[in-house]
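*Asks:* Next come the chains, spelled out residue by residue.
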Amino acid sequence: MMHAALESFCADPVKFLAPWFVLLPAFVLLLSAAAAVVMRNLIHAALCLTLSFIALGVVFIALGAEFVGLVQLLVYVGAVAMVIVFAILLTRPEQLEKSRSVFSGIGPAGGAAIAFGLLATLLGFIFASPLAKKPLPAPAVAPVANIGEALMGNHVVALIVIGVLLTAALVGAAVIAMEDQP
Amino acid sequence: MTEFLENAPIALLAWFLGILGSFGVPGWMLEIISALIVIGTVIGIFLGLFALASVMERKILARVQNRFGPNRVGPFGLFQPVADGIKMITKEDLVPRGADRIVHFLAPVVMMVPALLVLAILPYGRGMVPAELDAGILYFFAVGAGTEVAVFMAGWGSNNKYSMLGAMRAIAQLISYEIPLVMSGITAAMIAGSLMPSAIVAAQGGFIFGFIPQWFVLTPWGFTAGLIFYIGALAESNRSPFDLPEGESELVAGHLTEYSGFKYATFFMAEYVGMFAICGMLVTLFLGGWQAPLPFLTIIPSWAWFLGKVCFVAFTMIWVRATLPRLRIDHLLAFAWKFLLPMSFAAFFSAACWHFAGRGLVAWLLSLAIVAIPYLAFGIHFSSRFAISRRTYRFSE
Amino acid sequence: MKSGMRKAETGEDGVLAHVPLPQKILSGLSFPGSGLLKGLVVTIRNFAGSYFEKDRLTTEQYPEERPVLPENARSFPFLIYDGEDPEAGMRCVSCKICEKECPPQCIYIIQDRDEAGKALKRPRVFDIDISVCMSCQICVEVCPFDSIRMDQDYELSSYDRFGSLMLDKPKLLKSNTYYHRIHPTEAAETDARLEADRKKKEAAAAAKAAAKKEPAKPAEGAP
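Line by line, the protein sequences are chains A, B and C. For what it's worth, the numbering used here labels the leading residue of the first sequence as 1, then goes sequentially. For what it's worth, the numbering used here labels the leading residue of the second sequence as 1, then goes sequentially. For what it's worth, the numbering used here labels the leading residue of the third sequence as 1, then goes sequentially.
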């Protein structure tokens, strides 16, 4: 067993190590996500969350979903993480102490139960769906071009609707911002 | 001769690997060695550019102010970066007592990583792309987003109000200018029909009438988008007139306040490497990448053209720094959201019209009209509100 | 002296007189963003001009290029001697007026005495502490013997706070030739005055001698 592993490593280490390119960032993802939950220091928790966003992007890229991984990085690391951090900075510590959410009474055990319940539901639906029973399709040749063609072809209505929605949001934001205080 | 110089870097690498291969080095190891050589060369060139830029910037600023600039260390002061480096390394590395030590330590590292990673996708010459990614442009912006995290970490980890204010300004600026930057970059990708940098460069090849290069910057939409990209690049690399996150005079260097010695040098290096990287992106997207401006100039190898254009853009950035004063934070953000963003939409629309009108003279004029009208409208609108008039005093006189 | 200020681009009356063509064209234009272009043209002209017009660069590169000091520039006092030998030609007679007048009291003088203890008309010790001296020139003005004058040497920094800034007699004594070199007009004037004084004295002495001779004759046999 060991001998065979060593032999295949020596034959082509890049190929042998290939699964680890996915597994390693996946471990980082799990660890940093767990750290983000456990950490007492809010900023450290936010930074760990950012690390888990990065690790998720790397996992996507390692799995061959280059476009999704890069968009994950651009949107989550570039924007969402910064919004979270800003939200933490603009909140005073005393406000955090006072605020009680609906779920604050249930304790860690209750929280864990809810989290596992959610996970079980999701997994149940994923494995029950017909997609899970089909064999995996072969990876696409040029993913980005394919994604572009799919967006402009089959899903063009969705794309345009999202475009209108985002434009409306942007115009709204601009109108709100246009009112200058002299 | 031209052919030889053009292919020299690739041929040199192949020759070296061939020698290694003849010694019986296995294929997978050759691949790794080849990758390491490419990485080392690219990083080496950019660190060399950084060293050169750090002294040339001071010399150019000095010349604009009719001074000599640093000319003491070595011939023409060219060894100044060596002296600066020795000074930086031997300086004491201070960490404030209340600082978050881990975050404070990691910030310069996190700053350096994206600055070096983005170098991977730039096409340095014909067939010279270290990593030919399908979504290269997207990669550039996605990885570049990491600098925001680094700036925040530096500002928060220092436990200093100036650092924090500087970091918050910097993040607000980076996020605001990222949008016009990406929007204007997308126009080039749209016209080229690809997110791959080498394809975008290839789309700008060839000459109209045998002498006008088909660079995107020579079309009205490309000029507008290129200018917006340039302004965004200035802001993203924290350079004057958008250097207010570091504002030495009011924020004592912002998020860099509590950094000294090698950590500060790392920030400095990352900033300059990032500046050159974004200049390289600007050259790739709008200035024709490694393409020569005139047919007979193709005797100069493509990588030299790329390097020359990057240095030219970097020079203009220093020139702008010597000219324009720092903006105020609200003006800065208003400029991004109320002027650059609508203008980048106009450039986007103009590019689309240019493409569908057949890319000829009529298309050129149409696209000019589409960018010129909003520009003039905005200009008149803003200048009517900020008209220069004689200063009036409320209490004296 | 080179002047740092070049002729203003716009004349006093606001007329664009010596403005080069690109700026003239731009100054007539006014469109959104033209102000930025005008600024860029100004800076690039300064950049390029600094390579071609030598009078733009007003920097003196100090160790190689030295400033030509104006004649009345002064740093700290020194003592003048005539002739070749510093000790013999020393003009100072140890009258100590400068020591008493010096506002920060940086001058320290001990009069020389011979073996018998008789005071001699020269100082044994003459020290000036230039870390205290404020270059006020009062010592020069009060000196009745024109022996103390202001030097122009400005490269006086040292690694030692006390020793090297305490100038003693050998360091202070400089020749009249040196004085002529650094302050030619003033030195010529002083020399002329001294010469006139000497002549007057000689004449007076001669007259006195002659006067003494005349009445000396009857006086000779008087006692």
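These are calculated hints, taken from the structure and not from any lab test. Even glycine gets a Cβ: it sits at the ideal position worked out from N, Cα and C. It is possible that some hints are incorrect.
[Stated by the list, open to error] Listed below are several chain A residues computed to face chain B (Cβ distance under 7 Å; list not exhaustive):
1) SER32
2) ILE43
3) PHE67
4) LEU70
5) LEU73
6) LEU74
7) VAL77
*Asks:* Give a verdict on every hint.
*Replies:* Here is what the structure says about each hint:
no.	hint	result
1	SER32	violated (13 Å)
2	ILE43	holds (6 Å)
3	PHE67	holds (5 Å)
4	LEU70	holds (4 Å)
5	LEU73	holds (4 Å)
6	LEU74	holds (4 Å)
7	VAL77	holds (5 Å)
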